[in-house]
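Protein sequences appear in the order of chains A and B.
Read the first sequence against the working numbering and you will find it ends at 361, with the numbers running on by one and no gaps.
Read the second sequence against the working numbering and you will find it ends at 625, with the numbers running on by one and no gaps.
Treat the hints as calculated values from the structure; they're not laboratory data.
Where hints are given, some of them may not hold.
[To be verified] Below, a list of computed lysine-lysine pairs in the DSBU-like style, where the Cα atoms sit at most 30 Å apart:
{"id": "1", "chain 1": "B", "residue 1": "Lys624", "chain 2": "A", "residue 2": "Lys163"}
{"id": "2", "chain 1": "A", "residue 1": "Lys157", "chain 2": "B", "residue 2": "Lys609"}
{"id": "3", "chain 1": "A", "residue 1": "Lys180", "chain 2": "A", "residue 2": "Lys251"}
{"id": "4", "chain 1": "B", "residue 1": "Lys609", "chain 2": "A", "residue 2": "Lys225"}
[What the hints assert, rightly or not] Away from chain B, derived, C-beta distances all over 10 Å, residues of chain A:
{"id": "5", "residue": "Pro35"}
{"id": "6", "residue": "Thr62"}
{"id": "7", "residue": "Ile121"}
{"id": "8", "residue": "Ala183"}
{"id": "9", "residue": "Gln262"}
{"id": "10", "residue": "Thr319"}
Note that the structure is a prediction, hence the values are computed from the model and not measured.
Beta carbons are placed, not taken as given, at the ideal position from N, Cα and C, and that holds for glycine.
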Amino acid sequence: MAFLEFKNVNLVGMAAGVPSFVANNLRPLPDDDVSSDYSPEDFVKNTGVLERRITYTQTTSDLCYHAAERLIADLGWKKEEIDALIFVSQTRDYATPATSGLLQDRLGLSKNTYCIDLTLGCSGWVYGLNTVTSLLSTGCMKKALLMAGDSKAVRPMKLSPLFGHAGTVTALEYKPGAQGFRFHCGTDGSGYDAIIIPDSGCRNLITPRSFQYEECEGGKKTRMQSRMKGMDVFSFGITTAPKSVKKLSENYGFDYQECDYLVLHQANMAMNSMIAKKLKLPVEKVPSCMHHFGNTSSASIPLTIVTELKDKATTGKRNFLCCGFGVGLSWATVSFTTENLLISDLVEVDEDGIAS
Amino acid sequence: MKSLDEFVVLFAEQLDETDPSSVTAQTKFRELDEWSSLLALSLISMIDEEFDVALKGDDVKNSETIEDVYNIVVSKI
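Please take these sequences and the hints and turn them into a complete structure.
The structure is reproduced here in structure tokens:
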């Protein structure tokens, strides 16, 4: 049973960067992979995804960079004080080296910065939080940035209308006596192919066949595109996420219904509504941003907080429960309290890389 | 434990455009005009809620009739 607790750490600030271009699912783009199985209207009604932000030029690290600059300025942090940078993404800048190092240099952080990449999707922000809080908890390091997201479309590959691009930054600092973070984490690697890009890793190198379209669940896809066993993932999400929340609260002896907010990975509306219903939580405690941003992978939990709770969570104390679940299959739930959380204004980045 | 007849009623409730009275245990649900992968998700939700069974995509794909689905659900309880 992976239960973990790290004290003496506070989550102090959050920011998110998104492409400025808005794609509307009622008016699909030529590049959108629209299913012949249902109408755009039915897709929006069932998934809850009306709009998403899309870019053809900005990588995850570009979006994270602009969000980080704003967050560091808003917090008034000195860059030389930042001891660690954790980058969680499935869309790194290069096959090698790690993207966290590129961000250390671009942001002008110290050469003493601890940098690692974590390759996780939907569960990634919670796992990243786990890694950061474990690093800060002893006080050897004092300030850290957790970056999480996925981005950038590549023509001619089609785009799934479910997914949007985003890069987020979460700022954490060592604070002796702080209540800290409690985690429950789980993995079922037998479901590795429930969401998978078959080619481009070392197992299946890129060959001409990688670019040919083949029939799979959800339509024709190349072997370079993410493919999903939608029904299996749905079934996994609605069973595993509520259980993980319940296990965490049982293990640490608190009532999860007393949380101020349960922020779920923004999978799709049908799945998230079901999870909230099973946990008997009222809709006002379960914020959602998928209507305007879609499923943004590891960015979805922090993006929801940045876009939906800016006016609600920035004064006083708030008890958060956050649960990420998906590709891996991997899942994790965290409980923590914020006090006067700083949330930066949403950063929009255009195709020339100009942030506003 | 719900009966096959009760399961057929619950199944019919997931459908929007099909007359519930025309739905029987022998209905080949994947041949219904309105059947889609989105409706499959409603079916999975219903089965999770009513039977506490996590249905797989292959369970749906390998079933022909509503009774076939019911039998899979019963085998997983």
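Hint by hint, here is what the structure shows:
A C-alpha spacing of about 37 Å is found between Lys624/B and Lys163/A, which places the hinted pair above 30 Å, so the restraint is violated. Our distance criterion of 30 Å between C-alpha atoms is broken by Lys157/A and Lys609/B, whose separation comes to about 33 Å. Between Lys180/A and Lys251/A, the direct Cα distance comes to roughly 28 Å. Compliance with the 30 Å bound is thereby established for this hinted pair. Straight-line distance between C-alpha atoms of Lys609/B and Lys225/A comes to about 18 Å, which keeps the hinted pair within the 30 Å bound.
Against chain B, the non-interface label of Pro35/A holds: every CB pair exceeds 10 Å, the least being about 23 Å. Remark: the non-interface label on Thr62/A is consistent with the geometry, its nearest Cβ contact in chain B lying 32 Å away (cut-off 10 Å). Its beta-carbon lying about 34 Å from the closest one in chain B, Ile121/A satisfies the requirement of being farther than 10 Å from that chain. Residue placement check: Ala183/A keeps its beta carbon more than 10 Å from all beta carbons of chain B (closest about 38 Å).
Its beta-carbon lying about 19 Å from the closest one in chain B, Gln262/A satisfies the requirement of being farther than 10 Å from that chain. With a least CB separation of 35 Å from chain B, Thr319/A remains clear of the 10 Å interface cut-off, as annotated.
Of the numbered hints given earlier, the model fails hints 1, 2; all others are met.
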